[in-house]
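If you want the building blocks of each chain, they are given just below.
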Amino acid sequence: MDNLKEKLMKKHLLAPGHTACAGCGEALGMRMIIDAIGPNCIVANATGCSEIFTSKFPQSSWEVPWVHSLFENAAGVASGIEAAYKAKGRTDVKTVAIGGDGATADIGMGVISGMFERGHNILYVCLDNEAYMNTGIQRSSLTPFKAHTTTSPSGKVSLGNPTRKKDLMAIALAHRVGYVASCSLANPIDLEKKVKKAVEHKGPSFIHFHAPCPLGWAFESDQTVNIAKLAVNTGLFPVLEYENGELIKVAKIKKVPVDDYLKLQKRYRHLFKTDEGKEFIKGIQAIADANIEKFGLAK
Amino acid sequence: MSKVVIRPGIIVQPGTSKENKTGSWRNYAPKFDKEKCIACGQCETYCPESIVYGDKEHKFDADLDYCKGCGICAQVCPTKCIEMVLEVR
Amino acid sequence: MAKEFIEGSMAVAEGAALCRPDVISAYPITPQTHIVEDLAQFVADGKLSCEFVNTESEFGAASVVLGAQCAGARAYTATTSQGLILMSEVLFNVAGMRLPLVMCVANRSLSAPLSIWTDHQDIVTLRDSGFIIMFAEDAQEALDLHMIAYKVAEDKRVQLPVMINIDGFLITHTFEPVDVPEQAEVDKFLKPYVPFQALDPKNPYTMGAFTEPAYHMDVRYAMHKANVDSASVIEEVSAEFEKHFGRAAGGLVQGYKLDDAETVLVAFGSITGLLEEAVDAMREKGQKVGVLKIKTYRPFPFEAVKKALAGKKRVIVLDRAMSGGFGEILGAEIRSALYGVSGQPAIDGYIYGLGGRDIFIEDVEKLVADPNPGTHNGDWIGVRHDILEEA
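Residue numbers (this note's numbering), protein chains in the order written: chain A, 1 to 299; chain B, 1 to 89; chain C, 1 to 391.
Source of the hints: derived by calculation from the structure; they are not laboratory data. This structure is a prediction, so every number in the text was calculated from the model and none was measured. What you were told as hints is all true, and nothing was included just to trick you.
Computed footprint of chain B on chain A; a stretch qualifies when at least three of its residues, placed anywhere within it, have a C-beta under 8 Å from a C-beta of chain B:
#: 1; region: 23-31
#: 2; region: 218-232
Beyond 12 Å from chain C on every Cβ pair, some chain A residues (computed):
#: 3; residue: L8
#: 4; residue: K165
#: 5; residue: K166
Note that CB positions come from ideal geometry on N, CA and C, so glycine has one too.
Just chain A, same shape as in the assembly:
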């Protein structure tokens, strides 16, 4: 039996035995992404869940060369790696930087801006699980409107995170990043295609990946893929592709109301309890509708 297992088990570039939570959307997405990139790459990883669950000394889940330095400097470290390989004339090796939503949209933003602006040949991947999960579910600037986190809690006078998600893709586009795309577990084939395209792109490229988090969003661990699909089909996470600043492709959706997405996650539970909360659900629906309109997501 074990021989059969060995024979049939596909070789992935992220090995099992990592310590991500059961049903982790980030572990799943990161494995899909690194498998799409292939072995001829070097990864610089920001501090966060993805780093912690893959690199507990003396073990590593990585089958590709991988380095972790700090929380906010993966893009800078990747820039140095790329420059070193350029200096050695080995330009075939792909450089990849990976960071969570906090590492990307908050603490590492300046360094990422530098990496984009200088035009390094680097793919930057944001694994967006919409809060600081590694430290215990604190809000980031990619936490969605009215979601409960431990630092944007729902209470008697406040109903969760008061702000909307920062528009990361627009920030990348403002740097004239040549390949910018969002992708989701809802469509692994689309994800693989985009990652391959991004990593082949000359110059900086950016992938925004939506990573459902059973722990932080508070849903059952078997719902990860379902939640990812609902995020796309509500219009709350548009799956887009830009080349040279032009929107070239959008994933068309079978529109579902945001309630269907929100009610599965306890981080939105408080909104269903009061009239004020229900008004905010209308506000979330308006965000989804605006996305559908803006990007032409409806079939």
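Based on these hints, arrange chains B and C on the given structure of chain A.
Coordinates of chains B and C only, in the frame set by chain A:
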């Protein structure tokens, strides 16, 4: 576990987390009905631990040394041939 | 070879370029700017072949050189003051990851209040980073230390980064005659860098794993031990340098008229030149005075300090930085090195010259003339109490 050696730079060998058998985390284990399995591979695609394996001939199964019992495979299976069974250990 | 009359910053840039770095990354800050301008010009002129990465901040520059070193490149950066402490998070990481980076620090005060002039507050704030910390006294030594620093840093017995310190403006912006060696001579002394481990798909190791309590302390110990043990490598490489180039540079400490000295002035940085002049002036008046220059601050040269100072009547330590709420820094360390040794001298410690305030030979003479040796512990020289509104 293999002998730990601390080298400058906190260098670690690739893929060594395989020594960490996360199967002990599990409450529920997936049970695959090989008769109903159509070998579509969705369970393999969506396994966060990358430990579901199989092909047309042998159908699919999970490596229980690592399976954390999340149940995603059972959820995504189009023929509902995977059942999550409570393990009594 | 004829000496060139060049600015200190140019000497630093020449020294860095002669070491053939693969990657240079920096962010401009006074008084480091001329160093990176000169290096950028070398690259623009094709005199130096390397990747020159202009970043969005010193934090970014430090991250770039960290990444380059991880990828097996010889990397270089330079900064000062606010830039150094903005880099500090990365620099502790560079040392912990045992990356043999070399960087130059053009020492400057820390804000507030903002001041662009020299003191050592920046470097003493980074003293616990794990870096090897060396001081140059003039432009020539600033150039020479680059070759010594890379050779020490990359030595398999060491594998630690090195900071070369030079006083801002006093060295960076002063023109001096400097012997710039031929590339071929440098190449004989400093071989190409062979990393102990580099990020490479051919050998896909993980670098920078995190540790639980079971391992963290051991990793830190290994780093500390390598730093302490680098003292002998620094002496060895400095001696080799002197043999190869025919002039001295580096080392752990350097004495001036120490042998018969009863009173010894201890300091690091460019003040040591002034102290030599003060010693000469005082010796003409019959005072037996000498200087102990701290050339390598980390690893702290305990043995060399003890050897040089035990048995002396009196030691006067000059600190161009202070520890808020404590006072002297080098002074406290010299006291620690001499504590309990037989022939322990009377020790005085003073804080001088913060934010570029000048110090003169007469000031030094006054310290030596003080009638109460051993009673001054981090006393401030020249504070203008008359204009201070004190509660």
